[in-house]
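One line per chain: the protein sequences are A and B, in this order.
Just so you know, the numbering used here puts the end of the first sequence at 152, numbered straight through with nothing missing.
Just so you know, the numbering used here puts the end of the second sequence at 74, numbered straight through with nothing missing.
No lab work stands behind these hints: they were computed from the structure.
Since the model is a prediction, treat every value here as computed from it, not as a measurement.
Hints are supplied without guarantee of correctness; some may be wrong.
Stated by the list, open to error - The list that follows gives simulated cross-link-like pairs (lysine to any residue, SDA-like), each with its CA atoms no further than 25 Å apart: (1) LYS22(B) with SER144(A); (2) LYS22(B) with SER127(A); (3) LYS22(B) with THR116(A); (4) LYS22(B) with THR137(A); (5) LYS36(B) with THR137(A); (6) LYS36(B) with THR99(A).
Here are the chains, one letter per residue:
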Amino acid sequence: MANMTDQTFVNKLLNAFFLSSAAFTITPGTGGGSAFTITPPFHLRLMSTQGSNSSNGTEQANGNGYTTGGSSLGTTFGGTVATGQFSNANAVSWTATGTWSPSTQTAIEIWDTAGTAIRYLQGALTSNITGVANGDTVTFAAGSITVNASAW
Amino acid sequence: MSAGLELPVAGHIVECNACHRKTVVTNGEHIHDALKCGCCPDHSSVHSDAGQDCRPVTVHSNAFVSLVDLGGSN
Numbered sequence: 001m002a003n004m005t006d007q008t009f010v011n012k013l014l015n016a017f018f019l020s021s022a023a024f025t026i027t028p029g030t031g032g033g034s035a036f037t038i039t040p041p042f043h044l045r046l047m048s049t050q051g052s053n054s055s056n057g058t059e060q061a062n063g064n065g066y067t068t069g070g071s072s073l074g075t076t077f078g079g080t081v082a083t084g085q086f087s088n089a090n091a092v093s094w095t096a097t098g099t100w101s102p103s104t105q106t107a108i109e110i111w112d113t114a115g116t117a118i119r120y121l122q123g124a125l126t127s128n129i130t131g132v133a134n135g136d137t138v139t140f141a142a143g144s145i146t147v148n149a150s151a152w
Numbered sequence: 001m002s003a004g005l006e007l008p009v010a011g012h013i014v015e016c017n018a019c020h021r022k023t024v025v026t027n028g029e030h031i032h033d034a035l036k037c038g039c040c041p042d043h044s045s046v047h048s049d050a051g052q053d054c055r056p057v058t059v060h061s062n063a064f065v066s067l068v069d070l071g072g073s074n
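Please construct the entire structure, taking both the sequences and the accompanying hints into account.
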């Protein structure tokens, strides 16, 4: 059942999940389930192969200016939430110190920074990045990544 | 921005770090082929057959598709 959720509640969920600057734990009710801890800051990871909503992609190889685990999206990941959407509040950049291999990046993923990090979001780039070499910079400006939960 | 380029919404914008000319990268295009502004300090090492490509460059990754598709049947 798509579009089943009150939009104001969606906005509140996004605010709670992605705009907190401190780790917090959601404790299940008496019905069961497991406690769930969200640990910001969130990190942006580049993928050489896109995953899916159920499996991780292949992260860009470590080295030449990219570090496995990606880079921080800042203390607070998102800007203002409206209509079930928000965009990244801070820029993220990598400057290559050598030729990247694999040479093509196709997707991004967003993970938290728990001891065992948890993946939250994934999506394809609108066009691949191909050919990053020494001295090049790949930058995601503030507002360049849109998280859209309006169909919850 | 130089050259009066129009920048469509889709695709990444690649910018020459020397002259700051910008253009849009199409899917799968080598970022050093996107610009041919004559600023390349070492165009013999990268795609010399494609003309004077620019390097280094800055790729402004932008205009992503929405990251979350949780509509479905939840």
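Quick rundown of the hints versus the structure:
no., hint, in the structure
1, LYS22(B) with SER144(A), "holds (17 Å)"
2, LYS22(B) with SER127(A), "holds (16 Å)"
3, LYS22(B) with THR116(A), "violated (40 Å)"
4, LYS22(B) with THR137(A), "holds (14 Å)"
5, LYS36(B) with THR137(A), "holds (18 Å)"
6, LYS36(B) with THR99(A), "holds (20 Å)"
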